[in-house]
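2 protein chains.
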Amino acid sequence: MPELFNVLPPKQALELLRSHIDVQTLGTDLVPTQLCLGRFLAHDLFSDGDLPSFPRCSMDGYSLRAKDTFGATEGMPAYIEVMGDIPTGAEPGFDIAPGQAARAHTGGMLAPSADAVVMVEHTQTIDDRSIEIIRAVGVGENVIQPGEDISVGQMVLPGGHRLRPQDLGGLTAVGKATIEVARKPRVGIISTGDEVISPQDSPSPGQVRDVNSFTLAALVEKSGGVPSMLGIVGDNLKLLNTAAAQGLASHDVLVISAGSSVSARDMTADVIQDLGEPGVLLHGVALRPGKPTVIAVVDGKPVFGLPGNPVSAMIVFNLFVQPLLAWLSGCSDPLTPPTVRAILERDIPSAPGREDYLPVRLTTRQEIRRAEPVFGKSNLIYTLVRADGLVQVPLDKGGLYQGEEVEVHLW
Amino acid sequence: MPELFNVLPPKQALELLRSHIDVQTLGTDLVPTQLCLGRFLAHDLFSDGDLPSFPRCSMDGYSLRAKDTFGATEGMPAYIEVMGDIPTGAEPGFDIAPGQAARAHTGGMLAPSADAVVMVEHTQTIDDRSIEIIRAVGVGENVIQPGEDISVGQMVLPGGHRLRPQDLGGLTAVGKATIEVARKPRVGIISTGDEVISPQDSPSPGQVRDVNSFTLAALVEKSGGVPSMLGIVGDNLKLLNTAAAQGLASHDVLVISAGSSVSARDMTADVIQDLGEPGVLLHGVALRPGKPTVIAVVDGKPVFGLPGNPVSAMIVFNLFVQPLLAWLSGCSDPLTPPTVRAILERDIPSAPGREDYLPVRLTTRQEIRRAEPVFGKSNLIYTLVRADGLVQVPLDKGGLYQGEEVEVHLW
Chain X
44 MPELFNVLPP KQALELLRSH IDVQTLGTDL VPTQLCLGRF LAHDLFSDGD LPSFPRCSMD
104 GYSLRAKDTF GATEGMPAYI EVMGDIPTGA EPGFDIAPGQ AARAHTGGML APSADAVVMV
164 EHTQTIDDRS IEIIRAVGVG ENVIQPGEDI SVGQMVLPGG HRLRPQDLGG LTAVGKATIE
224 VARKPRVGII STGDEVISPQ DSPSPGQVRD VNSFTLAALV EKSGGVPSML GIVGDNLKLL
284 NTAAAQGLAS HDVLVISAGS SVSARDMTAD VIQDLGEPGV LLHGVALRPG KPTVIAVVDG
344 KPVFGLPGNP VSAMIVFNLF VQPLLAWLSG CSDPLTPPTV RAILERDIPS APGREDYLPV
404 RLTTRQEIRR AEPVFGKSNL IYTLVRADGL VQVPLDKGGL YQGEEVEVHL W
Chain F
44 MPELFNVLPP KQALELLRSH IDVQTLGTDL VPTQLCLGRF LAHDLFSDGD LPSFPRCSMD
104 GYSLRAKDTF GATEGMPAYI EVMGDIPTGA EPGFDIAPGQ AARAHTGGML APSADAVVMV
164 EHTQTIDDRS IEIIRAVGVG ENVIQPGEDI SVGQMVLPGG HRLRPQDLGG LTAVGKATIE
224 VARKPRVGII STGDEVISPQ DSPSPGQVRD VNSFTLAALV EKSGGVPSML GIVGDNLKLL
284 NTAAAQGLAS HDVLVISAGS SVSARDMTAD VIQDLGEPGV LLHGVALRPG KPTVIAVVDG
344 KPVFGLPGNP VSAMIVFNLF VQPLLAWLSG CSDPLTPPTV RAILERDIPS APGREDYLPV
404 RLTTRQEIRR AEPVFGKSNL IYTLVRADGL VQVPLDKGGL YQGEEVEVHL W
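For the record, the sequence lines run as chains X and F.
Throughout the first sequence, residue numbering follows the numbering used here, covering 44 to 454 in sequence.
Throughout the second sequence, residue numbering follows the numbering used here, covering 44 to 454 in sequence.
Careful, some of the hints might be misleading.
Note that the list lumps identical chains together, so a pair holds whenever it fits in one copy or between two copies.
[Claimed, not checked] With a straight-line cut-off of 27 Å between C-alpha atoms, the simulated DSSO-like cross-links for lysine-lysine are:
no., residue 1, residue 2
1, Lys110, Lys440
2, Lys334, Lys265
3, Lys110, Lys265
4, Lys420, Lys110
5, Lys265, Lys219
6, Lys344, Lys54
7, Lys219, Lys420
8, Lys219, Lys110
9, Lys54, Lys110
10, Lys344, Lys281
11, Lys420, Lys281
12, Lys440, Lys219
13, Lys219, Lys54
14, Lys420, Lys344
15, Lys420, Lys265
16, Lys281, Lys334
17, Lys440, Lys281
Source of the hints: derived by calculation from the structure; they are not laboratory data.
Quick caveat: nothing in here was measured; it's all calculated off a predicted structure.
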């Protein structure tokens, strides 16, 4: 396997891929804002107006001139005439003169000449038309100024931002009822292997049901892409060639889950190399599991040959395909997976010059969170099912020790 | 506001709610496995068969009797006759006698009498029909035994488990092409306030566009529920009564985003109390922002009166509604939000006996992650838009200090 001799560490491999990709090439969709959760904003968005558009009371009480309350205390209150009520949602139908006030409601408007709101808790009612103020207010107190939330011309959110629930609220607040978001990348997934059958079928001796297509499709969905399972192709160069060429033509990204034998893996690499230019960027990453990874670019579209082992496939997907899908959507700063700290329960041996990832299960004992390695083989899907996340052994380390505090990357 | 005098801390408030809720009451949906990402498994699932169903080669090489390699070294190799090839996906058409082997491929079957696989790297080819073995193998070496991934009768995944990408792969691997998952909770969302208008409309003076419905709907979606925005209802007791009763009848959970003035908030509490038994469980939580929260149960269905301020509404949603939606799906251990550690950039004052949450923005300076409080008012939606997460000041603390390491709960 001479192609595996000069392998790049994951970080450099990702940079090499990045240097061959034009980001934000997918075009855009115009989508109603309430359907945009998790989508990437296509362009910088600016506010067309001030929010709020009027001085808004932030407390229940009375709007008035602040200077009319100057020096007011419980012992020496200010007497104020109440001219009426300004209900929320309504324009004031009257104004106030010095020494006068209007009843004010949180979210409502002030009287036109008022410049502050005194909280109801700092007043005493004398009769229907008059109150005492027992604490002075400053100009602007208990008032949200026009544009204080966001002002006209200010950036609402930058292009490439992944929209969170509160962002949708912020967008509707400034009247953006539809949003231009990056089109979701379409990802074709081909599973290979003469032994692989559809999950609906019953395996004969020697056959196994497809695992990787379904895991990979769900990973694509979780990463903001649209997966298409293009089916299972046997270890046949011509068939795989045709399927790969068709898959690439109709998708933005092609992912081939390689067969697990060396000859099947090499066939995947050959097929990818034949798809077009520039072709295979690297064949092999300094990574375990996941070493026999193929990363290619064909006519500007990324193509991945993922190892057939489920554990390897998922680790390689998260390291390379997930950030790629974010780049294609114009996001320059992909999400990193959440991590938690835990005490390692066993030694993890590794080799310097290689990045190792080990699935772990999290448990809590004596109120301390612990990471228990799941030492299943990387060709077992249940190694992943039984794990809560991964522990990384960095490139320059020979392993990790029992009792060390480690960061667990959650799925 | 006498109803706010006896307020529970968030943890006890959540326990009180929990004690009034029957979990897993929603019934189930039968869904194709590839559409089940993020859904909750309805019941414990067990494997109907062994995975793999046959002894499976985990390396390319030769299947043989391990004892035929006993003592083999480079200096004293074992000579073995190669009887043929067993391609992946195929049953062996022949068997081997002592001193014989079959060519083996990763993922393929062994010869019927073979009990180990010797890696091709540990062999030397003599001619078409014979090889030398230069390293001994033990029984079972380089073989995945039947049921080693998962065995017949073993639990695949427990009921209530939230399905991750690899779980879908694990389920298809054992032939589960459709899955019974908990039906998603239907959550009705009512926005109230005379000043609130639809985002499509242009606000007149005194009016603001609806923010909370859209934020809350996206939070419901993110939490695995199905949101319905039931519209904006003015501060009118009768209209709100009718809308709430109708919303409750056709949904599993009702969320009312209360008006922001005290009278509007009290109206929401009154409306909820009138919906049915047992009614309001608590009115007020020892929480800032978010104190004027109403939590109720009506005929077994939870009803929330959330504060009108966007920041309060989101914090209260995450503390109470999000775990509730998980319980209703039969999940006893709801996801906790991911956290990162950061150095606090400013003092955060608080008061003992109250849990405070402060939105913060994360920055990195001198390679240290820092949490910068976003000191916007809690009635500004852009306080949330500009923040990356929340810092919690625990119940028993009077505040947090600049320079302290804090945990930031990411959105």
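Next item on the list: List, from low to high, the hint numbers that the structure doesn't satisfy.
Entry: 1, 3, 8, 9, 11, 12, 13, 14 and 17
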